[in-house]
Structures are given as C-alpha cells and as structure tokens.
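FYI, in the numbering used here the residues of the sequence shown are 1 to 724.
Quick caveat, the hints were computed from the structure, so don't treat them as lab data. Since we're looking at a predicted model, the values are computed, not measured. Please note: incorrect hints may appear among the correct ones.
With beta-carbon atoms standing in for the labels, derived distance ranges [claimed, not checked]: (1) Ala567 x Glu482: 23 to 31 Å; (2) Arg351 x Arg381: 25 to 33 Å; (3) Leu16 x Ala100: 20 to 28 Å; (4) Ala35 x Ala118: 20 to 28 Å; (5) Phe295 x Glu478: 57 to 65 Å; (6) Ala118 x Leu63: 20 to 28 Å; (7) Asn360 x Arg645: 49 to 57 Å; (8) Ala567 x Phe295: 35 to 43 Å.
Beta carbons are placed, not taken as given, at the ideal position from N, Cα and C, and that holds for glycine.
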Amino acid sequence: MGIVVRAKLMREIEGLALFFPAVFLFLSLISYSPADPSANTVGTVAGPTANYAGLVGAYLADLLWQAFGISAYLLPTGLTLMAALRLRDQAIQALPLKLAAATALGLCMVTLAGVNLAGVRLYGGRVAIEGALGGYLAHLLTGYFNVLGSNLLLGFLGLLALMVTTELSLAGTGPVLQRARTWVQSAWHRLHPPRVRVETARRAAVAPVERPAPAPRAGRPTPRAPAPPAAREEAPAGVKEAHARQEEFAFVEQGGPYRRPPLTLLDDQGSHAAEPDRKALAASAHVLEERLKEFGVEGKVSEVRPGPIVTLYEFEPAPGVKINRIVGLADDLALGLKAAGVRIIAPLPGRAAVGVEVPNEVRETVYLRDLLADRTFQESRGRLPLALGKDIGGHPVVADLAGMPHLLVAGATGAGKSVALSAMVVSLLYRAIPAQMKLLLIDPKVLELSAFEGVPHLLAPVVTEARRAIHALKGAVERMEERYRLMGQLGVRSIEGYNRLMESAGGERLPYLVIVIDELADLMLTSSREVEEAIIRLAQMARASGIHLIVATQRPSVDVITGLIKANFSARIAFQVSSRVDSRTILDALGAEALLGSGDMLFLTPGTSRLQRVHGPFISEGEVKRVAEFLKRQGKPAYDKGLLRPREEEAAGGEGEADDELYARAVELVIRSGTASISLIQRHLRVGYNRAARMIERMEGEGIVGPEKSGRRRDVLVGQEERR
1 MGIVVRAKLM
11 REIEGLALFF
21 PAVFLFLSLI
31 SYSPADPSAN
41 TVGTVAGPTA
51 NYAGLVGAYL
61 ADLLWQAFGI
71 SAYLLPTGLT
81 LMAALRLRDQ
91 AIQALPLKLA
101 AATALGLCMV
111 TLAGVNLAGV
121 RLYGGRVAIE
131 GALGGYLAHL
141 LTGYFNVLGS
151 NLLLGFLGLL
161 ALMVTTELSL
171 AGTGPVLQRA
181 RTWVQSAWHR
191 LHPPRVRVET
201 ARRAAVAPVE
211 RPAPAPRAGR
221 PTPRAPAPPA
231 AREEAPAGVK
241 EAHARQEEFA
251 FVEQGGPYRR
261 PPLTLLDDQG
271 SHAAEPDRKA
281 LAASAHVLEE
291 RLKEFGVEGK
301 VSEVRPGPIV
311 TLYEFEPAPG
321 VKINRIVGLA
331 DDLALGLKAA
341 GVRIIAPLPG
351 RAAVGVEVPN
361 EVRETVYLRD
371 LLADRTFQES
381 RGRLPLALGK
391 DIGGHPVVAD
401 LAGMPHLLVA
411 GATGAGKSVA
421 LSAMVVSLLY
431 RAIPAQMKLL
441 LIDPKVLELS
451 AFEGVPHLLA
461 PVVTEARRAI
471 HALKGAVERM
481 EERYRLMGQL
491 GVRSIEGYNR
501 LMESAGGERL
511 PYLVIVIDEL
521 ADLMLTSSRE
531 VEEAIIRLAQ
541 MARASGIHLI
551 VATQRPSVDV
561 ITGLIKANFS
571 ARIAFQVSSR
581 VDSRTILDAL
591 GAEALLGSGD
601 MLFLTPGTSR
611 LQRVHGPFIS
621 EGEVKRVAEF
631 LKRQGKPAYD
641 KGLLRPREEE
651 AAGGEGEADD
661 ELYARAVELV
671 IRSGTASISL
681 IQRHLRVGYN
691 RAARMIERME
701 GEGIVGPEKS
711 GRRRDVLVGQ
721 EERR
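Between the sequences and the hints, there should be enough to build the whole structure, so can you do that?
Printed below as a string of structure tokens:
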C-alpha cells in the first residue's frame, strides 16, 4: 500500500472516529429529560429511559446540560465539522491552536449566556440556560466589569477565537457578502424579470431603423434617441450588476434589442477543487529530494505550490550545483516520481530556485463557465478578452487580444487546440455585441468553427474552402487599407481614436474584426505564398485598424509556421507536441513536449520571453450549440458581400504569364531539373496548384514539355542550350 493511499485511509478512519461521538452527543442532548436517571436524580432504573442514547446518554446529557446549558450543543457541532474535514480529505492546520481557540470560543458563549440570560430556565425550571459554568464565570466577570464591560470583553475575545478557529479574515468577508448579495439578486431577478425595462428598451430600439430615412424625416426621431440610455439608467444598481451579461442593445438588422448570452447556457459543474493533502505533498517533496540526491544533486525543496493540474516544487540546489545537471533529469524524475511527465523551469523567474512541475494524481477539470463568471473576466478592461484557462495556482488567466495583437496556436492532434479555440470565440461572444466586434471564421476542416454559422457577429459565412479563404484574407487586407484611409482623413492613429471622434460627432463606429483560422496547414498546402503574404500583411499592419488574428495549426513545422509568420506573432500558445523540435518551432524554447494534453498549454505572453503554464477550459459541443442558437435568435448577421469575391487579377485568369518573370523562372527550373510536374513548381516557386498547372499547360503548348503520360512524368523536350 502506497504512502498516499495509506494516508487517505487513516484520514477516513479519523473522520469516522470523530463522527460517531458527535452523533451520540447530539442524540443525547436533544432527547434529554430531567426525569431520566442521572447524578441529579434519586431512585432506581425501573424501565427504559426517554433518552435516545439510553442510560449512558441520559447521564451524559444531564452532565452537559447542568454544566454548560444551551452551549453544550457546541461540542457535537465542533466534532461534526472536524469529522467532515477529515472525510473530505482536508488537512486541519495548527490543530492544537485551533482546539484551544474553539474551547475559548465556547467559554465566551457560555459566559455571554450567563451575563445576558441569567434567570432563564428550561425543562420546567430544572436547568439554567447558561449552565453552572456559565453562571459562575458570568458572576465572576460582572463583579469586575459590570454587564456592558463584560459584553464588550467577551465579544472581542469571542471574535478573536472565531477568527483563529475558522481562519476568517475581516477583509475577506466583504467580497463574500458581496457575492452572496449578487447571487440573491440574480436569483430574484431570474424569478421576477424586470418586464417594464425590457418593453421600454424594445420600444426605444425602433429608433435606429428610422435613421436611413430621407433628410426631411431624419430629424423627427432625434428626440427619441436618448430613450434606451434613460431606460437603462432607471434600473436599480443591483439589477444592472445581476444582468451584466444580458444587457440589451439596439440591433439594427432585426429592429429588436440584442441581449448578451446568459451564463445559464453553459453547464454548471460546481466546484471540484479539493484541499491539498499537506502530508502527501511533504512526502512527494522528500521523494523528489532523494531522487535528485541519487544523481548527485544536493539541495532541498523550499516551497510547494499545489494547483488544479500540476504541483510546483521549488528546489533550492546546494552551492556549486550547476542548473544544467538538473534540467537533464526531467525523464529520470518522472520515472522516480511515477508521473506522466515532469517539466523543469530553471531557474524560476525572480527566485533562487529551480521549479519542478509534477502532475497531480487527480486532475481538476477547468470549465469555461467558471472563468466567465469570475471577477477576473467580468472586470477585465480588455476590449477583446480571451478566457484562456487557469494557471498552476488555480487563478484565472484572461488575456486581451487587442493588446497581443495576434495569437498563434499550435499543438498535436487531440491536445485540446480546437476546444480552446471554441472557448476563445465563446468568450468573445459573451463580451462583445455585433456593433463592437465582427468575426471572420476560416475552418478548412469543417469541424469546429462551423458550429457558429449564422451568429450575428459574422462578417461573412464560415469559410470552409481554401480558395474562398484566400479571397477572405485578401478582402481583409483591403478592409484594413480602407480603414487606414478613413483614419488618415481624420488625422487619428488608431481605431480607438477614430471611434471616439465618431461617437462625439454622431457618426458610425468601426467594429473590431477578429479573424480565426482553425487549420493553417491546409491553407499553406494549397496556396502557401498567397496565404503567407496576406497573413503577414495583416499581422504587420492591422493592429491599429482593429483587425486581429487567431491562427491555429496542428502541424507545427517550419513550412507551415514560417519564420516571417512567427516573427509577427509575438503571442503564442503551444499545446502538447510530440518532439522538442516542434516546441522550439512554436515557442523558440523547450517545454511543450512535456505537457499533459487535454488543454494543458504554454502561453508566451507578448513582449516577453516568459512562458506561463495554463490549463485551458473545457466547453462541450452542446454548450457551443446552445450559445450559437441563442445568438441566432437575436437576429441575422449583416454579411459583407464583397469580402469573399474573387479579386480582379484572379478573375482575369492569372497574372499575365506571358510577361511574367515567374513563368520564366518556372521554365528555367523545369529545364535545369530535367523533370516537369505541378508539385515541383509548387514547392520551388511557392505558388498555388491552379497557377502551377496553367504554367505546365503553357509549357506544353510552347513545346517545352511533352504531353502527360499515364503514371509517368512529362518529358522535357528543350535543353538548356536550345532555350538560350
């Protein structure tokens, strides 16, 4: 039996050993009868006692009631709480101190009863409510401090004892009470929705529909324009806070109000966080020290930081120990600790220690609903906040896409990349309304992003074909250039400045545009040069115009994540990969090969070289579907019909191969290599399949290559000398 299993069994035994006397005492106290045999009664036991716990319970209850009065119930209550903590596998820190504080708390309550309730008797006047001990202490204390002074002293001492016993912080009670108040208000308004405010907003939302009317009529609805803000201002502050995720906005496409999706669309899994087992952590730290000592690395574990997925051990090496010796022991430590994988951080930033991340035996699942409901996301000032997950300490990680300004996501198949993308899109949909943000979703795999088809935030239908994806990216480049022309005319340098001017002048604001590409490798396979050029232009220039990219791939190779692409994506996320080479390709650092999968990731924050380990949130297909269906009922998307149209040079059937230098290079390549194939031209000149095929057909027409043969390459009919 292992150390951890043995420790768990002992805690369960301790919990049951505490639970039995708690139940026995409680049954004895609630069934107490002064007529039962006890030390205060005279007679023989002629029949069964009224006490549920029998003769022993009768004697025990009489002793407790006579000594402590009503405060006797504190004893079974305390035993029950201790038993529950042990059965729930939660260690009790500083047990002797807390027992002493709990005893002091009980004495304070007994004495308070004696000071304020003296003379109150129970059970027909046979039992004093404060008990003998409470009466004695109250008499003693009031002789020195009187009633008021005794209450002040006992209240102060009781509060101190309560804080020590429960680890209650006065500073922490405020947020707890605020969350309780918000929850009560939210529950009340779910049961009793504010119908008047909704109807007022619906009537006010008609005003935007009349804006396109001719000039003589355009001024008529002007006095009605302030109606929606007035309707929202009349609502109580509590209603605003409780309905922050369902705030209504005018939605021009349908003429009705737009509501943000409520959190009830996501599954409430409850809290599964377990209190860390200090004894087991100490045992693991000792094992870690012993394993390192076996390899000649002396030192000690100075601190242990348990988290939902992994536990971080801070190891301080002895003087003279080189860090490189520890870094190379990751696999050996994983074997010695019987762990799925160990990641070593050498050194820890700002600490004179080496970090060793060891997976927990029981992993906690991170759910998207918990992140969206957390204050970190709710109070984020980011314009495009992404709920990425939780760090190794269990704290939510929320990043602003507008500040990144682009994000590269890569990882092996099944590592959690697609789920993370869905969670990012959903977090954006929960925060931004269609007037604030538009989405362009490119999903060549036709699997994940297609679930969002039809939501009102879309700028175009979900793109699933490679050729249409190229049109969409080139269209996005044109929209970027168009935005810069508009900003240049007003003399502003960013979309924020432009929108501030438009808001003050009553003009139309520009929404943010988020482009999400689920599989970059498929696009690079068909038209790598065109895709790379469009992505690089957007990544280099689009930030100030409010256009941002989230690009994902499951093939982190250098022909997909090229040097130019990586150089323009300072924010990157790496999920589990199969090799160190792939980790270096994504992050320029090792570590992704030691991740655990299922959403475990390394986040490279923009502007730094620091890697942050994050555990991505889980969102099911059903949750994504419910959110999408809710948004679809809000109205139809207003598509930009010109975004996906073929560009003029493509519609013309090519780029003028007759005078194109690229065609001359293709001919030279074919003659020099002595072979002619479409794939050869694609690889060396980095052009699309259709263009390479047209070049081969033209060479055949000019007599440079022969006709296509079944199962064989074309013959090259012209030598280098003839070409000259």
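Check each numbered hint from earlier against the structure, then list the numbers of those it violates in ascending order.
-> none
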